[in-house]
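Asker: Listed here are the chains, written in short residue letters.
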Amino acid sequence: MAYEAPLEKYPVKIREVILGGGEKARKIGGENALPLHFFEGSLPNPPGLALEVLDTRPENWAPWILEPFEDVASDPMSWAKKCVEEFGAEILCLRLLSTDPAGKDASPGEAAKTVEQVVKAVDVPLVVLGTGDEEKDSQVLIEVARVCSGKNFLLGPVLKGNYQEIAQAALEHGHCIVAQASMDANLTKELNIALCKFFPPERIVVDPTSSALGYGMEYTFSIIESIKLFGLADRDNMMQMPVFADVGIECWRTKEAKESRDQGVLWEATTGITFLLAGANLLVLRHPEALRLIKKITTP
Amino acid sequence: MALKGADIMKKLPKTNCKECGCATCFAFAMKLATGGAKLDDCPYLDPEVRTELESAMAPPVKLVTVGTGEEALVIGEEEVMFRHEKTFFHEPGLAVLVSDREGEPEVEEIIARIHELRFERIGHTLRVNLLALSNESGDRDTFVARVGKASKATDLPLILISGDTDTLFSAAALCADRRPLVYPITAENVSAAIPKIKELGVPAGVKGESLDEVISVTSQLKDAGIEQCVIDPGSKDLLEGIRDQTLIRRAALKKGFRPLGYPTMAFPCFMYQDKFEEALAAAALMIRYTGIVVTSLTEKDLVFPLLVHRFNIYSDPRRPMTVEEKVYEISHPDENSPVLISTNYALDFFIVSGAIEEANIPAFLCIKDTGGIGVLAAWTSGKFTGEAIADFLAKFEVESRVKHRKLIIPGVAKKLKEELEEELPSWEIILGPSEASDIPKFLSEKWKA
Numbered sequence: 001m002a003y004e005a006p007l008e009k010y011p012v013k014i015r016e017v018i019l020g021g022g023e024k025a026r027k028i029g030g031e032n033a034l035p036l037h038f039f040e041g042s043l044p045n046p047p048g049l050a051l052e053v054l055d056t057r058p059e060n061w062a063p064w065i066l067e068p069f070e071d072v073a074s075d076p077m078s079w080a081k082k083c084v085e086e087f088g089a090e091i092l093c094l095r096l097l098s099t100d101p102a103g104k105d106a107s108p109g110e111a112a113k114t115v116e117q118v119v120k121a122v123d124v125p126l127v128v129l130g131t132g133d134e135e136k137d138s139q140v141l142i143e144v145a146r147v148c149s150g151k152n153f154l155l156g157p158v159l160k161g162n163y164q165e166i167a168q169a170a171l172e173h174g175h176c177i178v179a180q181a182s183m184d185a186n187l188t189k190e191l192n193i194a195l196c197k198f199f200p201p202e203r204i205v206v207d208p209t210s211s212a213l214g215y216g217m218e219y220t221f222s223i224i225e226s227i228k229l230f231g232l233a234d235r236d237n238m239m240q241m242p243v244f245a246d247v248g249i250e251c252w253r254t255k256e257a258k259e260s261r262d263q264g265v266l267w268e269a270t271t272g273i274t275f276l277l278a279g280a281n282l283l284v285l286r287h288p289e290a291l292r293l294i295k296k297i298t299t300p
Numbered sequence: 001m002a003l004k005g006a007d008i009m010k011k012l013p014k015t016n017c018k019e020c021g022c023a024t025c026f027a028f029a030m031k032l033a034t035g036g037a038k039l040d041d042c043p044y045l046d047p048e049v050r051t052e053l054e055s056a057m058a059p060p061v062k063l064v065t066v067g068t069g070e071e072a073l074v075i076g077e078e079e080v081m082f083r084h085e086k087t088f089f090h091e092p093g094l095a096v097l098v099s100d101r102e103g104e105p106e107v108e109e110i111i112a113r114i115h116e117l118r119f120e121r122i123g124h125t126l127r128v129n130l131l132a133l134s135n136e137s138g139d140r141d142t143f144v145a146r147v148g149k150a151s152k153a154t155d156l157p158l159i160l161i162s163g164d165t166d167t168l169f170s171a172a173a174l175c176a177d178r179r180p181l182v183y184p185i186t187a188e189n190v191s192a193a194i195p196k197i198k199e200l201g202v203p204a205g206v207k208g209e210s211l212d213e214v215i216s217v218t219s220q221l222k223d224a225g226i227e228q229c230v231i232d233p234g235s236k237d238l239l240e241g242i243r244d245q246t247l248i249r250r251a252a253l254k255k256g257f258r259p260l261g262y263p264t265m266a267f268p269c270f271m272y273q274d275k276f277e278e279a280l281a282a283a284a285l286m287i288r289y290t291g292i293v294v295t296s297l298t299e300k301d302l303v304f305p306l307l308v309h310r311f312n313i314y315s316d317p318r319r320p321m322t323v324e325e326k327v328y329e330i331s332h333p334d335e336n337s338p339v340l341i342s343t344n345y346a347l348d349f350f351i352v353s354g355a356i357e358e359a360n361i362p363a364f365l366c367i368k369d370t371g372g373i374g375v376l377a378a379w380t381s382g383k384f385t386g387e388a389i390a391d392f393l394a395k396f397e398v399e400s401r402v403k404h405r406k407l408i409i410p411g412v413a414k415k416l417k418e419e420l421e422e423e424l425p426s427w428e429i430i431l432g433p434s435e436a437s438d439i440p441k442f443l444s445e446k447w448k449a
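Those protein sequences? They're chains A and B, same order as listed. Going by the numbering used here, the letters in the first sequence line up with residues 1 to 300, in that order. Going by the numbering used here, the letters in the second sequence line up with residues 1 to 449, in that order.
Just chain B, with the same shape it has in the complex (with noise of 0.2 Å):
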């Protein structure tokens, strides 16, 4: 829960001394508040205060990091139940589950599907970002074996599941400087796991059979010291997984509640036996707060809708979805094929290449940066004018690319037409159809170079 300015400022020295770089306390408090200042910056805070204060304002759900490097995945801080309400920060991990039942050649070849798993989305990289190796076998050496196989051959966070104590952290040993997550740290075995987690500085995976068991381990964990948890609430399918993951944000969201202030996990591979509920499961969990989803899908058809899904769901509603200023082949296109221009919102290019690619016509379709605002929007604020438009084509050397001089524009851009008529004398300047949808109609019937 954020504290606000007024809250801080009963606990400052109230001297005004001005070293902070504010002119009063009360001025260092607001900016305390917002983010503006830190702590460090007041010389004379007593220090029980400032610990105090310290964890009164830490973001209400702890950020966690689960493997090293640029793979590594950072899941938590969250500020909102809404995605409208601000944003969602970090995307969840997607996991995949694989046993230790499995022998070597098949945890490489499953390896080796997952790093497949990688999709290019208007500048965005999708992915698989975790391994999941679980000790089905029950045994130890088996286990200690597929785990040191595996970090071998991936960078990919992993996630260590034994039930076993001993076996865990003897897996977890060999791969410590990965930083794994390793599951389940239960009330049964916390005492135990405390100085082993400690030991190899390792997050844990909290898992309870409710969320008061849930917290009880994480208050444990923390009393020794430990905050780099993710909760397990060990729901049982997609219903009990909004419940218990809606009531975990809300708790330490809007109560502030410290013991369930931790990025959360799912295990939408126990739930469904079916792989295209689980797959849809999974995407119900990701929009509902969960930190790490595992599954046990790697198959490209369902791993890729769950992908753009995630993508959509964690895209900033504060800021227009753009994509990259160029001018996009549609369908091989040739020297007599159609060019049409629009703006570079997201929305607007997948709407417009998406008609263009069911008239089956190939084409060119000039995308302009227009800051990621629309047609009017965008022509209003000089960013698709005549002006900028011929500019485009020329930069983009789009005469060198067509034999015909003709241009289709967005059919709401009515005056752009006149304005383009004088800045490209060469050109035809065609008012294609306003609504995207009928693009393929206006194409099939009225294009010829």
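Looking at chain A on its own, in the form it has when it is part of the complex (with noise of 0.2 Å):
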């Protein structure tokens, strides 16, 4: 029995989505192949991996995740800077924390004036987050993506409940828009055909919700997973969106990621290295060195 390669070939490819603008805009996207397959497909973008920022100084995180921001982690400019200067970040991605209503409940105008004045400081693609709360973040997204028309930001997260308003912003100042359902392919599946009605897919990404190590993990990934095979196998064109992971965030409030430096940096390593492998294509992390990790090891 002679060996032939068993390679797969897929007629079809996840869209292209275009980040940011100028020099340091990014693409995602655009592969014909499971992640990583050099081997046998097209894979013209490889993962974004952006580093968070927040807009107010974190309360209570573990001193080793803090440590690398600790000088910058009151001014979200100069945090941003950082991430770009000092640690490589091709895109970034601001969590509007501060608009909270259980917390800050800062107002939309000033959020909005924040998210300006980062898009002065860095060049690079910005991913912008509300804090999930649909009313609220429906108010603030709109004014970000008002104030900061024609950026080609990624805004997020956009949800069954008010997906038309934020859309209809975003179509209006040109921005690109994460729609999120959470752990259920068919969920992400009406969304998108909802969003599509009125909105360009190939300004969508889509975020099944993530899950940390050991806390869930392995659903993400195998949501993610049949996502990216509903659309490259299936040919399913609602399914073929990029794929967002919100992986810091996660990791960081588990307790094992509390426990040490070394242990906290692979648990968020970990988490976004599984992720990328079922096929997210883009990942936001916290710690620069679990950026570092997963480039070096998934860059040809």
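Don't take every hint at face value.
Keeping only pairs whose Cα atoms sit at most 16 Å apart, straight-line, the calculated EDC-like set for lysine to aspartate or glutamate is [as the list claims (entries may be wrong)]:
#1 A:K296 x B:D237
#2 B:K275 x A:D262
#3 B:K395 x B:E325
#4 A:K255 x B:D301
#5 A:K81 x A:E70
#6 B:K300 x A:D262
#7 A:K258 x B:D301
#8 B:K441 x A:E59
#9 B:K254 x B:E79
#10 A:K255 x B:E358
#11 B:K275 x A:E289
#12 A:K295 x B:D237
One side of the interface only, derived from the structure: several residues of chain B facing chain A at Cβ under 10 Å [as the list claims (entries may be wrong)]:
#13 R121
#14 I215
#15 R243
#16 E299
#17 A355
#18 E357
Source of the hints: derived by calculation from the structure; they are not laboratory data. Ideal Cβ placement from N, Cα and C applies to all residues, glycine included.
Each of the two chains sits in its own frame; use the hints to bring them together as a complex.
Answerer: Structural data, given as structure tokens:
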């Protein structure tokens, strides 16, 4: 029995989404093969590895996750600059924690002002995330979309309850969106179908919601993997959006990550590479060392 | 590749003699195809046809055992490319590489450290499970001495690694009753190795610089009757590893290609200098089909994430993960601490217990067995009702543990509150938050004994 390498070719590809603008604009997606399968397909864009920046000084962070940002943690602009200049982040994710209605409850105007300042400080693409509160995020993200019109941010999370308003604003002001549906590939597809009635599919990134190693990581893994296979193997064009995974926030709240620096870094890096292997095209990470590790072993 | 009932039918006597217990040969064929019957049940099968069917029906990835007794590692017989299609069956072995340049006391010390790398997690023991001894010294007597020492110091299965075939089998002869994996069996040494593998009855770690080379070696071994093999395709980094492991698994499952139908191994310890990179590559290779991952890691902080990772990826997606039914004490609660109740769905448990820990308020977390289903589904199916929870509180004598009578229930279970108020008139039933992430705020603002 002669051996012939059992290669698999897909006649379709994941949509390519462009984030940001100018020289530092970054593409994600565009592949017609499974993650890191350089031997049988084309993977034109490496997975996006974004570092997270908070708009308020973090509370209750373990010392080793705060340490890289200690000097800049109260100032989102310096924090953003440090991530780009010192840690080599090609994408940033600005989390508007201050807008949390259960916390500081900052106004949409205040939040948008911070975003405006950060976007002046760095030239890499920005992911801008609300706190997941449907109502408040809707106000905040619409304001951000307006104030930073044309900056081509990736705005999210856009949910079943607020997709119409936010996507409309993103459309008017030239931004992409993260469509979030919790842990169910069918819900991801439903939301995509609803969005695509008025929103361009090549500006949608999907988030099936993440979890950390030891805390449901395998569920997220299998959902991302099945979304990718629906898209590539079953050629479902409503499942061909790049996948987003919010890794750092999930990992650094676990007690294992808070136990030691080395264990924390690996907790995040392991969760990150697991989602990358499932098919995630954009990971949001917190520790610069987790980013370095993932990049190092997945770059050809 | 699984045979279909119709294909099997063609080979049967078609006499419908019923001696196998089935009404017709066709019914027997269908049963054979789904594993419900054995070839032995048919007394009239032609021996040649029997052999043919037997090999066609064998699992596409051979089951291989390394080591003996309770610590034996069993790998192979995997059925899917993606875990959501069914499940991954046999957890990969995590081996620690030890060089024979280390002195005997050092080897013992490393073994002791490996034995400590055992952790309990929701009723499962997570552990490092193999010791790989490498003949880095190039000296035969040293290697044999270290293997002799190590085989006495640990019950873990051994991997013996030596580029010198005589050295390899001298060491293997010392501990053959322990079924060590002998490595590497290559295109160069396979002819010399075959009689020794047969004599000692040990599994063979086949190494090739390419899959073609691996195929040539496993084919020669198979012709000699040796099928207890583990394949190392010689991958030099993670990307090569993913390519090689994927092609091997696909060839076996999708093409029924027998010469690659064996479990595999990989050596992240030779791929990366940096221990974190090595650990991360090991995690990635576990996702992508590797049967034995050899690392140099003995640090708890690097090994523990890897073990939890393996446990997660190899958990069965067809069954909800559960935790033990009991009252969990979080951060040393006392008689004034809050009492919360939830289901034994493992994810809920982790999230809720994590949130309580984050709140920094000691508490009793009552975990009721609901068969691993979440709050609402469990309430609907009668496993998380007022009556069931009252029984739980009695069974675990919760009233004797606290002075107060306040029970915090999941916020999504609004109807449960009324049921409990009826069942437990002496208790105040408090509706907690609907999202576990709001527990810290809830406890710090609302809790008073």
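Asker: Please go over all the hints and tell whether each is borne out by the structure.
Answerer: Comparing the hints with the structure gives:
no.: 1; hint: A:K296 x B:D237; result: 11 Å, holds
no.: 2; hint: B:K275 x A:D262; result: 11 Å, holds
no.: 3; hint: B:K395 x B:E325; result: 11 Å, holds
no.: 4; hint: A:K255 x B:D301; result: 13 Å, holds
no.: 5; hint: A:K81 x A:E70; result: 14 Å, holds
no.: 6; hint: B:K300 x A:D262; result: 10 Å, holds
no.: 7; hint: A:K258 x B:D301; result: 12 Å, holds
no.: 8; hint: B:K441 x A:E59; result: 14 Å, holds
no.: 9; hint: B:K254 x B:E79; result: 10 Å, holds
no.: 10; hint: A:K255 x B:E358; result: 8 Å, holds
no.: 11; hint: B:K275 x A:E289; result: 13 Å, holds
no.: 12; hint: A:K295 x B:D237; result: 13 Å, holds
no.: 13; hint: R121; result: 8 Å, holds
no.: 14; hint: I215; result: 5 Å, holds
no.: 15; hint: R243; result: 4 Å, holds
no.: 16; hint: E299; result: 7 Å, holds
no.: 17; hint: A355; result: 9 Å, holds
no.: 18; hint: E357; result: 6 Å, holds
Violated hints for the displayed structure: none, as all numbered hints are satisfied.
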